[in-house]
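Visitor: Given the sequences, and given the hints that come with them, work out the whole structure.
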Amino acid sequence: MDNPMKTKAHLENALAEAQKRIAELERHAARCGRATEDSFEDSDNASVYMTLMHEAFNASPIGLAIFDTDMRYVTINRTLADLNGKPAQDHIGRRVRDIIPDLAGEIESVMRRVLHTGQPVLDIFISGSVASQPGITRYWNQHCFPLKDNRGRVIGVSIVVEEITARRRAEEALKESEKKYRTLFDSIDEGFVLADVVFDENGRPVDAYFAETNDAAANMLGQDVTGRYFRDVFSEGRVYLLDVAGQVALTGRNVRMEHFLEPDKKWYSFFLFKIGGPDSRRIGTIFQDITERRRAEEERARLLQDTDEQRGRLQAIIDSLPVGLCITDNTGKIIFMNDIAKGIWIGRAHYAKNIEEFSSDKAWWSDTGERIAAEDMPVARSLRGEICKTLAVDFERSDGTRGTQLVSSAPIRTSDGSITGSIALVQDITEQRRAQRALRESEEKYRSLFESSIDGILLTMPDGRITAANPAACRILQMTEEEIVQAGRDGVVDTSDPRLRLALEERRRKGKARAELIFRRKDGTTFPADISSSVISDQEDHIRSSVVFRDITERKEAEKRIRKLNEELEQRVKERTGDLIETVDRLDKQREVLQTIIDSIPVMLMFYDPAGKIYLVNRELEKVLGWSKEEMQTMDLMAAVYPDSGYRREVREYMIEAEPGWKDLTMTTRSGTRVCSSWSYVRLSDGSQIGIGIDVSERRRIDQDMKRLATAIEQSGEGIVIHNPDWVIVYANPAFEALTGYGREELMGKGISDLAEYFHGNDYGDISEYISRHGKQWSGVQKRKRKSGEVIDISLTVAPVHDQEGRIMNYVSAVRDVTAELRMQNQLAQNQKLEAIGTLAGGIAHDLKNILTPIVINTEVALMDIEEDHPVRELLEEIGQAARMGSDVVSQIVTFSRRSLQEKKPVAIENVVKESVDFLRSALPSTIDIRLQLSAGNARVLADPTRIKQVMVNLGSNAGHAMRENGGNLFIETAQERLNEEKASVVSPDLKAGRYVKIMVRDTGVGMDEQTKRRIFEPFFTTKKQGEGAGMGLSVVHGIVKDHEGAVSVWSKPGKGSVFTVFLPVWRDSGATGDEPSPLSAPGDA
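Its first residue numbered 10, the sequence shown is counted upward by one per residue in this note's numbering.
Heads up, some of the hints might be wrong.
[What the hints assert, rightly or not] In silico DSBU-like links for lysine-lysine, alpha-carbon gap of 35 Å or less:
# : residue 1 : residue 2
1 : Lys794    : Lys958
2 : Lys583    : Lys531
3 : Lys958    : Lys1051
4 : Lys622    : Lys716
5 : Lys565    : Lys521
6 : Lys569    : Lys531
7 : Lys275    : Lys342
In case anyone wonders, no lab produced these hints; they're calculated from the structure.
Guide: Here it is, written out as structure tokens:
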């Protein structure tokens, strides 16, 4: 029974191929329609068009026809005429209803629609029967196209008809196949499961979803698992099956295995295969309980152990067989195969395989070339009781090669006559068949050569009889082949010629001979001929000869003419000899001039005669090597210049080849130094040679210097860029690529205007003008923007490169990122500025305190001494209030300048932060939500708690002011962080490495621009309105934090809020947390 799944796949492929063919035909029909319109536009080409149309119509595999406006046939091709069941000429001038009345109604209706609208109508489905096959329903797909003249008027209709009967039947067969597949799926005895394998993020199978199972699977599993997951159904004892399913789903390789399931105490056979494309994770599994079979096999193995001696004797017999031996059971399964059989099939056969499985799909009868069906295989026939003797079978091996084998097979029967298996003997006759084919091909090639040769060919016997003559021999001798055979050798060759006897003797001794003999034509005339004769033997070892001859009459006459010309030439040579003697005298004089020229040119020259001996060198070669010309002509110069024998051999081979081009050679001079040179050898027509050499030692040194320079630039830590005079980049090193973020392919050939984003608005015009005016390099600091959008500061040096005439040929730019360096310089300058302001403010505050203290005291005393309604009381109260406010400002200035002496002690920082937050909750409006996150643990700092609270309150108040209009969120977080020297220097240049408590105060307020951010820690600087603050809040924060050996940093952007981060050193006796958290990132840093 055919495999329904295989049948289904076959039908689907057939349907897809049919649909593809239909699409091609539709495109072809559309092209025909367009060609028709174009052809009718040119009335002068109408006759040519009609001729081509008829040829195309009759050759087309699809039905084609053209109708006039009365819907009468104008022309029709043979395909459509045969379909209609009438000759093409019987259609011309008639309507459709006259030819196929059953289908005329629908077809003429469509044609009327096309004639009326001028638009094509495609994909018209028609069904019916034809006269040649009455009663059989067939299906067609029809397209109708309008035919128009050059003014756009419709003058006819063209119809394209494609029969789709095969496609319709394929679709119906597919439906029937699917029905059979479902029936088979539900009725087979083996369990069948379709499952989708589930993988985790690392690509490991973790579960499988059972999409579909058959009844046999449910019976063997004891339950219907459809719609459930593997791990929900089975225990851990079956997890191995999940791993195998994962491998099949990923690799697509089928797995066939037998496995013992411990929970069931049973053996099962499994066949797992992938379903779908590369991205599919669905597999199919066919399994069955083989416990009983395994037990039977174990019992059989036990019994077989008792027959070792018999098996040994049998094996010896089998091993001595000169042919392949194959034994199967009664199902066709191979149970034994000797080495010769395995070698014939090259690994296609193995145990647990059915012999048809590896041979019937790729096996043919040698005699007819027909594919062998599975049931016609020799083994299959023997299993039905037939004895097959020496059947020739062609087969395809697993490596793709084809071979031929002789197969004999017979059934194996028990004593009661029942068939228990088969035995087959196989002999590989591939080489024998190949040799026979080669012999046939050789005979065919010889016959073709024999018949088509322009030379005469005769086949003769040792006694002179001629057995065959080719057409050329008949033409040359002016005889028929029968006449030549009857005449024999004596009739076509002049036997009186003594050269004939010599040629026959030479052929007898050597097996072949060449000679010039006189042949005789039918009319008795003779002619000279070149002959080549060889002794040959046929398959029966019969000796015969072949004679190939050619008429050389014209060549003989040409030789006479050449002899005459030679005599004339000899006379002219004598006449010219005198002239040549005079020419030699002149050449001797010119040789001196040539030697002077050769000795003056700055290249090495060596002249060799045809024997390879040096006969001339120039002075440049003497100067480079150190030997004189006379020494070089007498010594073994090659051995001296190239002392290594292997290297010398390579040089000689190069000289002998004398190919165009140059080769670098290393020569040893008289002093022992090694010279790098480049040589080219030219061979002259007389066999002599000229060697031309150039000393390239200096060039090599320059090349090495250039390579070292290029390596240094490539590995430099600074970015190096080379521009042409128009400031177009012609080179950029890897450091520049890393600095800018642009790849070399993005930079090469780009000008400044092309990289405007990178140059950040900077123009090289001023730099170019400076270099042109001063003639020297330019240096400075500029801003650039990386490809990522990050703006950086760079140190830029641009230097010109001049040519020999002093013109600028290139610009070289050296670029270094100084962003971090400038940032540290700015921070250091800001700290120094604040330090100077603090020192100045401290001195002023001391003097102001001395001035304000008596004012406050005296004002309070005066207020105590006067009545409540005294006229000056209000003035004194204003003076007192002003003096106290001044005292507060002085106190803040003192705090900023760190001149106050407060006691510091170990403080649990999170308690201080909590108290500060409690105060801020009551002080800030309800529109601001305060969120506290404490992660510093039990860390303590050496600090004045009151001043730390002041820091928190000032930062919280500052944040509240930024969110006063729209409200927002205030985040206060604490953590511990260990800063190395690099991280500490980024926060503040004078901050030391170590473990710190980090307090971060983040708001969602209006934020600050860069200019405001740079000045926020300056005393009396404020962005608040007059009367809302004195501008000392953040200055006091900075002073307190610095006094505690810490640092404060700020991040802010307009519209994105601000983040103030305070770092306070952890007290050395404070316990560390188990895991030190990473520093919190400010929003927008990414």
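Visitor: Would the hint linking Lys958 and Lys1051 be met if the CA-CA limit is 35 Å?
Guide: Given that 35 Å is the threshold and the Cα spacing comes to 15 Å, the pair holds.
Visitor: Assess, step by step, whether the Cα of Lys622 is no farther than 35 Å from the Cα of Lys716, and give holds or violated.
Guide: violated, 40 Å
Visitor: Are Lys583 and Lys531 close enough, with their CA atoms no more than 35 Å apart?
Guide: violated, 49 Å
Visitor: Does Lys565 pair with Lys521 here, judged by a C-alpha cut-off of 35 Å?
Guide: holds, 24 Å
Visitor: Take a quick look at whether Lys794 and Lys958 sit within 35 Å of each other, Cα to Cα.
Guide: Given pair Lys794, Lys958 is violated - Cα atoms ~42 Å apart, limit 35 Å.
Visitor: Given the hinted pair Lys275 and Lys342, is their alpha-carbon gap at most 35 Å?
Guide: OK: Lys275 and Lys342 at ~24 Å, within 35 Å.
Visitor: Assess, step by step, whether the Cα of Lys569 is no farther than 35 Å from the Cα of Lys531, and give holds or violated.
Guide: Judged against 35 Å, a Cα distance of about 27 Å means the pair holds.
In the structure shown, a violation is registered for the earlier hints numbered 1, 2, 4, in ascending order.
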